[in-house]
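Keeping the supplied structure of chain A fixed, place chain B upon it in accordance with the hints.
Number of protein chains: 2
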Amino acid sequence: MSFQSFPSALLEAAVNEFSKLPGIGKKTALRLVLYLLHQPTPDVEKFGNTLIRLKHEIHYCKRCHNISDTEICDICADSGRDQSIICVVENIKDVISIENTQQFNGLYHVLGGIISPMEGIAPSDLEIDSLVERVAQGDIQEIFMALSPTMEGDTTAYYLYRKLSACQVKITTIARGIAIGNELEYADEITLGRSIVNRTPFSY
Amino acid sequence: MSFQSFPSALLEAAVNEFSKLPGIGKKTALRLVLYLLHQPTPDVEKFGNTLIRLKHEIHYCKRCHNISDTEICDICADSGRDQSIICVVENIKDVISIENTQQFNGLYHVLGGIISPMEGIAPSDLEIDSLVERVAQGDIQEIFMALSPTMEGDTTAYYLYRKLSACQVKITTIARGIAIGNELEYADEITLGRSIVNRTPFSY
Numbered sequence: 001m002s003f004q005s006f007p008s009a010l011l012e013a014a015v016n017e018f019s020k021l022p023g024i025g026k027k028t029a030l031r032l033v034l035y036l037l038h039q040p041t042p043d044v045e046k047f048g049n050t051l052i053r054l055k056h057e058i059h060y061c062k063r064c065h066n067i068s069d070t071e072i073c074d075i076c077a078d079s080g081r082d083q084s085i086i087c088v089v090e091n092i093k094d095v096i097s098i099e100n101t102q103q104f105n106g107l108y109h110v111l112g113g114i115i116s117p118m119e120g121i122a123p124s125d126l127e128i129d130s131l132v133e134r135v136a137q138g139d140i141q142e143i144f145m146a147l148s149p150t151m152e153g154d155t156t157a158y159y160l161y162r163k164l165s166a167c168q169v170k171i172t173t174i175a176r177g178i179a180i181g182n183e184l185e186y187a188d189e190i191t192l193g194r195s196i197v198n199r200t201p202f203s204y
Numbered sequence: 001m002s003f004q005s006f007p008s009a010l011l012e013a014a015v016n017e018f019s020k021l022p023g024i025g026k027k028t029a030l031r032l033v034l035y036l037l038h039q040p041t042p043d044v045e046k047f048g049n050t051l052i053r054l055k056h057e058i059h060y061c062k063r064c065h066n067i068s069d070t071e072i073c074d075i076c077a078d079s080g081r082d083q084s085i086i087c088v089v090e091n092i093k094d095v096i097s098i099e100n101t102q103q104f105n106g107l108y109h110v111l112g113g114i115i116s117p118m119e120g121i122a123p124s125d126l127e128i129d130s131l132v133e134r135v136a137q138g139d140i141q142e143i144f145m146a147l148s149p150t151m152e153g154d155t156t157a158y159y160l161y162r163k164l165s166a167c168q169v170k171i172t173t174i175a176r177g178i179a180i181g182n183e184l185e186y187a188d189e190i191t192l193g194r195s196i197v198n199r200t201p202f203s204y
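Residue numbers (UniProt numbering), protein chains in the order written: chain A, 1 to 204; chain B, 1 to 204.
Be careful, since some hints might not be right.
In this list, chains with the same sequence are indistinguishable; a pair is considered to hold if it fits within one copy or across any two.
[As the list claims (entries may be wrong)] BS3-like, lysine-lysine: derived pairs with alpha carbons at most 25 Å apart:
1) Lys163 with Lys62
2) Lys93 with Lys55
3) Lys27 with Lys93
Hints are computed from structural coordinates only; laboratory data are not their basis.
Okay, chain A solo, but in the shape it has when bound (with noise of 0.2 Å):
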């Protein structure tokens, strides 16, 4: 569905607006449009100025550059959490996705990407050499690496690697292995071959 004509130009720009968002096409754009007219004035004000703020007022914090609305993240500033191991991720997502496990209770960094040459993000682009930093503070016991194991995330996995090695930490990576509730049938030969040496202990 195209659209030919629209009945107003503050219209178009709204659906125009709202179609630059990822997975948003025009016909989505228009009915999300035509749904925040019939909400109340304040609602769609609050909607707009919640955008606007967040560029303004949002922080990222400067030891593990997670999003933060302070300059130093509630996740770093929180002594009750393990101040010696570091989790190293890709982004923001990841480490709202980890939170939700709540299976870690250490400190975070967040690359802001990963080690890519196809889309020319090189190790500069990242922040690789301010966790070095934190590393060589002192205090830190085990960098563990949460990258997603594609060639993209290996790489970065790797050079990591071959960046701390010089430190005394121990570095570890997440388990790769068959996913809960896959099928062994569907699972790929390296994942299965991976997962049979790096068997672990049977629990329940």
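Here is chain B on its own, set in the frame of chain A:
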């Protein structure tokens, strides 16, 4: 996926705003917000301001109740269009859909909804009186009802028919039949029956 902890209250606020939209869950909302966070500030400001302007500056055409940037919309103001036929539609989206077919050159009347006792929408909630008034003023020859062939659509069409039957005006409705591209085999019998009764001369 639920989010127990957000690294930032502002991030959470933005995600909540997006997830209020129809069809947007928390996970999609987070993806959209993180996308916006990586866009240039002026672009995000423009997005926010467009939403705010949407509610403040958009008009509804005084004649047909379509969305408009001016008091009378471009369609009503266009002397090149047939001023003797009014297409009655449920909402603004239908105007856009019909305009996109380029098969209609008359005027519109947007009811702003459809009679639905289930949802508590009564005839008085819709722009029906203003339609009767437009017809009573004279120049209209035909009222073309382009309402969905649903129970609510048919109820609304029947109500309009009764309201307008006293006026000297031809009342028509969109053709119902087998949708182009659909297989006869899968058509419901009411639609199939209707498409037999209303068979049309073959043309190619």
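Right, here's what the structure says about each hint:
1. Lys163 with Lys62: Within one copy only: 21 Å inside a chain, 69 Å across chains, cut-off 25 Å.
2. Lys93 with Lys55: within (17 Å within a copy, 32 Å between copies)
3. Lys27 with Lys93: between (27 Å within a copy, 10 Å between copies)
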